[in-house]
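Letter by letter, the chains look like this.
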Amino acid sequence: MLGALLLAMVWLVANVQSNLERQNINSGFGFLSERAGFGINQTLIDYTEDSSFGRVLTVGLLNTLLVSVFGVFFATVLGFALGVARLSGNWLINKTAMVYVEIFRNVPLLLQIMFWYFGVLRNLPSPRKAVSLGDTMFLSNRGIVVPAIEAASGAGWYVAAFGLSLAAFIWLRRRARLARLADGALMPFWRPLLTVVLASIGVAALLAGVPFSLDVPALKGFNFRGGITVIPEFVALLLALSLYTAAFIAEIVRAGIQSVSKGQREAAAALGLPDKTALRLVVIPQALRVIIPPLTSQYLNLTKNSSLAVAIAYPDIVSVFAGTTLTQVGQAVEIIFITMMIYLSLSLMTSYAMNRYNARIALVGQNT
Amino acid sequence: MQIKRKAFIGVVSLVLGLTPMVASVSAQAAGSTLDVVTQRGHLQCGVSQGLPGFSNPDDKGNWTGIDVDFCKAVAAAIFGDAKKVKFTPLSAKERFTAIQSGEVDIIARNTTWSMHRDTALGVDFRAVNYYDGQGFMVRADLGVTSTAELDGATLCTNQGTTTELNAADYFRANNMQYEIVAFEKADEAVAAYNSGRCDAYTTDHSALYAQRLKLTDPQGHIVLPEIISKEPLGPAVRQGDNNWGDIVAWVHYATVAAEELGVTSKNIAAMGNSSNPSVKRLLGKDGTFGRNLGIPADWAMQAIKQVGNYGEIFERNVGINTPLGIERGYNALWTDGGLQYAPPIR
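The listed protein sequences correspond, in order, to chains A and B.
Okay, so the first sequence: first residue is 15 according to the working numbering, each after it adds one.
Okay, so the second sequence: first residue is 205 according to the working numbering, each after it adds one.
Just chain A, same shape as in the assembly (with noise of 0.2 Å):
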């Protein structure tokens, strides 16, 4: 049966190479290597115009990663912070929590996406006129420019003192936890990771001194020259998934949270837990089993619908790669099999660590 559709899929490959080939067009992946040509404006990585079109999919790859990495985050906290205050008992936050749930998962993305790009960006003054934070940073229609942090050689250093404070915080929490689940004993934790972290941070100072320098942005000619510039495209782009993600996240949250017998609940006030405490030892832990799976696909679909934008020239996969290298190179079927396998990674590995934190909650709930 395998074999079948093995055959089937050899077959229909074949048909595919036989018929390009009748009409003449290029087929194969070596396009992947020869030059791009054109420009971006968002590059995570280096790129010029002389790099190649596999380079030109990393960059897109990267600004998808990038928005949707950005987007979940903001869209997990702002879902939860809703969900909680819609089963508020305070009636203002409880229906301002249920207008912006039901506006914001009622509107269209791709307007949305279009009303934060278009709406507020019309709004924005040009560089000239730009909106000044002590003549640092600058908001303009294109987009907020930041000092950038410029390291010279030493600030290894300083890479090293946060690699320690690090471990050292990982070492702590673990020993503080240990020591309260042997026998209830309370480690201090606080102090000597504070101990560490100025340790470390005044020793790298000693070897390097000060090996930062600001790289202040600055109005010369048409725009900003120096600093980080974050183009209105991603803001708007990570503005409207966010906030339309967070609609769905929030209600998900709501249903896990009500899911958990309420019961629970006056089981934890009779054992005198405050309400705070309550919430977030017994019913979280448990809502937590039933939000997880329909947060995956809120998840994978965030990152799906990050696509939309191309409509708005933020230059993602789609964008750079199934839109400008497709019109260049002209070999649809290579480009767009790239692009949805791509995805298709995406949400499969997206899936399978949500999965595998689904898994670890779901057993601590069994035996508690």
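Hints listed in this document are in silico derivations from the structure and should not be mistaken for laboratory results.
Not one of these hints is a red herring.
Taking lysine-lysine and the DSSO-like style, the derived pairs with C-alpha atoms no more than 27 Å apart in a straight line are:
1) A/Lys143 to B/Lys418
2) B/Lys297 to A/Lys318
3) B/Lys389 to A/Lys318
Guided by the hints, dock chain B onto chain A, whose structure is given.
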């Protein structure tokens, strides 16, 4: 398990069943385009999503423009009726796939004829109905009068065109910096330029004039005089059907020849009695040109009568008395120092 296996068999047989269909559809598409068009009863023409002067729906929803008129002329040549044409609006990104897959019979979509497109995409460019070049539009109050002053500028443009490449080449060749913001649709690119996202909007010169009409204050913007590229715009057909390509090419040449011979949509009835042998051949009174192409003998006469000669089409859509106000320039006849030149019809 049993159910699963049944579903699986279903999927496989569906795939196996569909593939021969796909193959047969593309085989049909590779057959004679003229036969397909004649059987269907109308021409399917791929146009832009709205570019004034070239292909743009008017307030009644009728398509107008130089590219639209070209498709109408082809329909008139085949069916003797310029109305037997339907238009498919295509984005720059979709256009080549649409012609490759047989969704449209012809694209007349202000498309630049370049060697890569002609040789690698399975399409054939057969004529140039507008000689264009890429330019820049800026706000008048910016104080810029030449493209050489655009160092460091942010450019808005449409994605999937030669424009992005030309701009990159031009700025790098002149050692100037730039930032490009490429939109999928021209409307959004113009809206972003209008709202101040970019210092300049760049596309083909003719399109700059057309898009300027969509701005809130058209007079507040100027089109810079420099042209940084060659953009011969013309109709393209699927590669491999030479007869169909010949029809498309010669309909264009017929409109150019008609202008050269002084045949217009208005005087064509009188011209029918002309003793000028060139006119007689053009109007199908002499020779077997229609039969050679596989279409009626009065093909050119119908095209000119119902749509007009090249000069009429140009002046009606983009000429000096239209909102676009473009002069003939390179698109004048060769006899007037332009580039429009038809090989002899004989």
